[in-house]
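Read off the chains here:
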Amino acid sequence: MALLNSSGAMPRALSAFSVLSVLRIFTGLELLEHGTSKILGFPAVPSFAHVQIGSLAGAGGLIELVGGILFTIGLFTRPVAFILSGFTAAAYFMAHAGNGFYPVLNGGELAALYCFVFLYFVFAGAGPWSADALIGRK
Amino acid sequence: MIPSEIWAPRILSILRIVLGLILLQYGLAKLFGWPAVEMFENLKWSSLFGVAGFFELIGGSLLILGLFTQPVAFILSGEMASAYFIEHFPHSFFPVQSEGDLAVALCFTFFYFAFAGGGPWSLDALLAKRKLDAIA
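These protein sequences, in sequence, are chains A and B.
Residue numbering for the first sequence follows our numbering, starting at 1 and increasing by one per position.
Residue numbering for the second sequence follows our numbering, starting at 139 and increasing by one per position.
A couple of the hints might just be wrong.
Cβ pair distances, simulated, as ranges [unchecked claim]:
| # | chain 1 | residue 1 | chain 2 | residue 2 | range |
| --- | --- | --- | --- | --- | --- |
| 1 | B | 177 | A | 86 | 27 to 37 Å |
| 2 | A | 44 | B | 143 | 35 to 45 Å |
| 3 | A | 99 | B | 185 | 52 to 62 Å |
| 4 | A | 100 | B | 273 | 45 to 55 Å |
| 5 | B | 171 | A | 42 | 18 to 28 Å |
| 6 | B | 145 | A | 18 | 20 to 30 Å |
| 7 | A | 98 | B | 159 | 13 to 23 Å |
| 8 | B | 184 | A | 128 | 43 to 53 Å |
| 9 | A | 97 | B | 228 | 24 to 34 Å |
Hints are computed from structural coordinates only; laboratory data are not their basis.
Note that CB positions come from ideal geometry on N, CA and C, so glycine has one too.
Using the sequences and the hints given, assemble the complete structure.
Structure, rendered in structure tokens:
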């Protein structure tokens, strides 16, 4: 059944473990991008133009900004992923679930997907390309 | 074994099922109009969106079952990359502006599944176990 990892001679850099780090980095970057657009106004998004730091969306932006940086470099990955998983679950139910039951209608697919991706990282850890791996954190 | 080593593959299977469900509703919305999404009304099956709908319907179903997970995830990863570059990237470099964040997130999640497989709670795992039992 294995398409890509059937031969033992596959390069190490292409193993699932490394791709886990690739997934972590891009997930972190996307989160960071949401944080910077809410807090720093870059990239400029019209619906985030007047977000106050003290508001709920502003607090969300701060979590995305700090969490996005830590998650991208892979530092304290498991606890950070745990917090972000709860954060995205809250975002789904507070911002999206009220607009319709199906995610395709309420626009909450990304929050739902991230909630489970972060949950997976709580258990799987950061992978080899991470600050955690550099300093020997499991 | 520490709990996270036992549970990481199981959570991977749960993530796979959620991923399949998210994809399946796009396939259903595009091809059968349910759940009804304004943007997908009067969509032709032979159009680019219609073809994507078939990928999402069949790929989503297979992902939920966990059947042929790695090749299916590899194909879907490519589908999402195309969706991003055809539909979203021309609008802006930044996914948060082009609204391509979901396509990017799905692309990399599928890419991971192409390497990691479907986890223990999947038809793939069941079939592999049967095969092992038959040999032994």
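Subject >> Those earlier numbered hints the structure runs against, lowest number first >> reply: 3 and 5
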